[in-house]
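Position chain B relative to chain A; hints supplied.
Chains as they are written, first to last, in the numbering used here: chain A, 1 to 424; chain B, 1001 to 1424.
Check each hint, because a few of them may be wrong.
Stated by the list, open to error - Cut-off 35 Å, straight-line C-alpha distance, at most; resulting in silico cross-link-like pairs (DSBU-like, lysine-lysine): (1) B/1125 x A/131; (2) A/157 x A/243; (3) B/1230 x A/75; (4) A/131 x B/1131; (5) A/230 x A/372; (6) B/1027 x A/186; (7) B/1157 x A/76; (8) A/125 x B/1131; (9) B/1075 x A/191; (10) A/186 x B/1075; (11) A/230 x B/1075; (12) B/1075 x A/229; (13) B/1092 x B/1343; (14) B/1219 x A/157.
Hints were generated in silico from the structure; no laboratory data involved.
Listed here are the chains, written in short residue letters.
Number of protein chains: 2
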Amino acid sequence: MSVHIPDTNLPRIIVIGGGFGGIEFCKRLDTNRYQLVLIDRYNFHTFQPLLYQVATAGLEPSSIAGPLRKLFENKKNFYFRMGEVTRIHPEKDCIRTSLGEIRYNHLVIASGTKTSFFGHDENFKEVFPLKNLPHSLNLRNSVLRNLEEALLVDDSKERQKLMNIVIVGAGPTGVEMAGALSELRKHVLPKDYPELDFSQMQIYLIEGMSRVLSSMSEKSSEDALKALKKMGIIVLLNRLVVKHDGEQAALNDGTVLPCRTLVWAAGVTGSMIEGLQNVSIGKGNRFLVNEFNQVQGAQNIFAIGDIAQMISAENPNGHPQLASVAMQQGVLLAENLNRLSDKKNMQPFQYLDKGTMATIGRNKAVVDLPGKIHLKGFIAWLAWMLLHLILLIGFRNRVIVMINWIWNYITYDRSIRLILKAMK
Amino acid sequence: MSVHIPDTNLPRIIVIGGGFGGIEFCKRLDTNRYQLVLIDRYNFHTFQPLLYQVATAGLEPSSIAGPLRKLFENKKNFYFRMGEVTRIHPEKDCIRTSLGEIRYNHLVIASGTKTSFFGHDENFKEVFPLKNLPHSLNLRNSVLRNLEEALLVDDSKERQKLMNIVIVGAGPTGVEMAGALSELRKHVLPKDYPELDFSQMQIYLIEGMSRVLSSMSEKSSEDALKALKKMGIIVLLNRLVVKHDGEQAALNDGTVLPCRTLVWAAGVTGSMIEGLQNVSIGKGNRFLVNEFNQVQGAQNIFAIGDIAQMISAENPNGHPQLASVAMQQGVLLAENLNRLSDKKNMQPFQYLDKGTMATIGRNKAVVDLPGKIHLKGFIAWLAWMLLHLILLIGFRNRVIVMINWIWNYITYDRSIRLILKAMK
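Pulled out of the complex, with its shape left as it was, chain A reads as follows (with noise of 0.2 Å):
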């Protein structure tokens, strides 16, 4: 077995990751200049901010993925490989995957992250990370195996253990889906399970800071916590959880609560691809680099987006992980490198913050735009649905996606609410 990608007399570039940086800078490279290589676990693009609605049966998996193969069709000397990149070689210009060895002129690393229990993985064992599909998929069919199983028992505690969802994590991830949540609580669930009583059902969402949102201004906060709590979720700021054992969620402050499904929207670390001297990587396992996006200490080795730390006085910790700074820079160093085959000089990156947003629910959503402009309500809402079509990818994602907009905001319903596990 190897990996079958041709010797050209082009130089050979490796893309490691076909997240949102990856794909920019596939999109944008000239591959009359280079050969492309693209490696990824999946043989898709996930667009991740809509995983929560995949999770909370609003979304199939299909309309927010795109394969990676179709994206690229037309673009020639093009390879995609799926597999996992297991070390880098630097010494040789090489990587170490699953499917074999492959050289490289120029290495683009964009692994993205991956969650973080902050070290202490022993204390989360049964925990719903959303991060990529299967994921999500995990998610949606444990909630509603547990609604059924919840019909079954006898003690009431034991019930309120099954129905209960803690969301750990206050950012726009957490945020949305204990939105999303308090939806079907209020407008599917009963419908479906009569024999409930959904006033049973809890929602808590944990936040390790003082605000919900925190990246976002404080008006942002304000109004996303005042929905949240008009919602009926219960927020609790300040606090950590620090342990979930499938029964039960503990907090550092001792509190305790009741819940078999603890989803994870909180930390966060580097997918760190070993190999590189330890000096290449900064906080939070990313790979430091310059504002050329090169990796300290390696000339023809990159790294882009959630996994890259651009340290400036700006930005002392790096850039925020947002898919935005991702496509920028995977833009930019395309640009750069078709420049530098023209040897041509490298264009610096500076990242232009076109705003951040949230959505909560139906007409609910915050938006933060440069120069302190903030929307909220029904106007940030449909800026965010816009803004979350025009982004996802291919044409047919987005229809699809309309129309099951379209649909759940008339209906009140959430079609897609199939167990895909059968119960014994």
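For chain B alone, kept in the frame of chain A given last:
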């Protein structure tokens, strides 16, 4: 743990299985007269005739599934339980399930069929049946993963093994599967995998009888065979697959076909539930029933659909195992039980044959209507699509499937080619 179904003074009817027969029965039963309990291993009804389109990346699982709770959301005295029935105790009018015991006044067995390897399970270790949604997702994952792997192997025989697909059984499922795979091979895969030579990919359709679609007219068999051959499918008649070891399929005439993927669209056997006397069980593990679908030797136990065998002069082996038989039996049995509660007599079952159909591909189908009317080509294909849209459960599913079909027709694409298991 217990099933928690309230005891009322209404007689209780338990239905085992939410397939075509089971749901028609539940729809028509008057739940002012009866308490109705539906048990299924899954929380959704599966529209089995379109499973092959999920397996070939044309449709999403949710498009052909209808959540059972949603379906009977407004039905009073209706209880759904997700679980497996393990035994019938006719002597005490109760069934044993994975959720506990439940007593009944009337029992309706609508458990359908499962895959059968004609008593030689040990010879078929890595085989893909097509009876439920997880099956079709497994098949989709496997076909696509094998192509990813085919890129990596050095040996051309190994590569062929990964690309070839053998389909066992040329009934409607086998024929439709072969046709859909052939269209994938022609229109989609060469674009996705420009590095592979798809003239090397063989699709075999193996049938034990002397013609394809043997349950349809001779004319339909001929037309279908012609179309299949034109699409480059290798049809082998009068032959049986006797073994598949994950590397090759062995036929009874000594032929050996290299293939990783073997799709099993051949034999089925009744999904038997233990506990009834042996005299109640006929050929193919079906419950022998009288013209009222009453199981032989049991007063208050009924069987409908594929699991029932109603032997008569016209049907010495019982009715064909078709959705339309199951639906008609479900409707009549519900009406009969409604009648029974008014002390009226039950009506005997009379199958009304409305015709049979199978689609082979784009603009290609065959339809047999009563009165020996035979349609083929574009008009048959339109009829097939229309009927399947009508029979699909839920308005949303009809809309989404129609959009997908139009999309696939115009673009020649199959969009849902996600491999949802990561590759190491």
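These are the hints, each one checked on the structure:
{"no.": "1", "hint": "B/1125 x A/131", "in the structure": "34 Å, holds"}
{"no.": "2", "hint": "A/157 x A/243", "in the structure": "19 Å, holds"}
{"no.": "3", "hint": "B/1230 x A/75", "in the structure": "32 Å, holds"}
{"no.": "4", "hint": "A/131 x B/1131", "in the structure": "31 Å, holds"}
{"no.": "5", "hint": "A/230 x A/372", "in the structure": "26 Å, holds"}
{"no.": "6", "hint": "B/1027 x A/186", "in the structure": "26 Å, holds"}
{"no.": "7", "hint": "B/1157 x A/76", "in the structure": "28 Å, holds"}
{"no.": "8", "hint": "A/125 x B/1131", "in the structure": "34 Å, holds"}
{"no.": "9", "hint": "B/1075 x A/191", "in the structure": "11 Å, holds"}
{"no.": "10", "hint": "A/186 x B/1075", "in the structure": "20 Å, holds"}
{"no.": "11", "hint": "A/230 x B/1075", "in the structure": "32 Å, holds"}
{"no.": "12", "hint": "B/1075 x A/229", "in the structure": "34 Å, holds"}
{"no.": "13", "hint": "B/1092 x B/1343", "in the structure": "24 Å, holds"}
{"no.": "14", "hint": "B/1219 x A/157", "in the structure": "64 Å, violated"}
Consistency note: the structure conflicts with earlier hint 14 alone.
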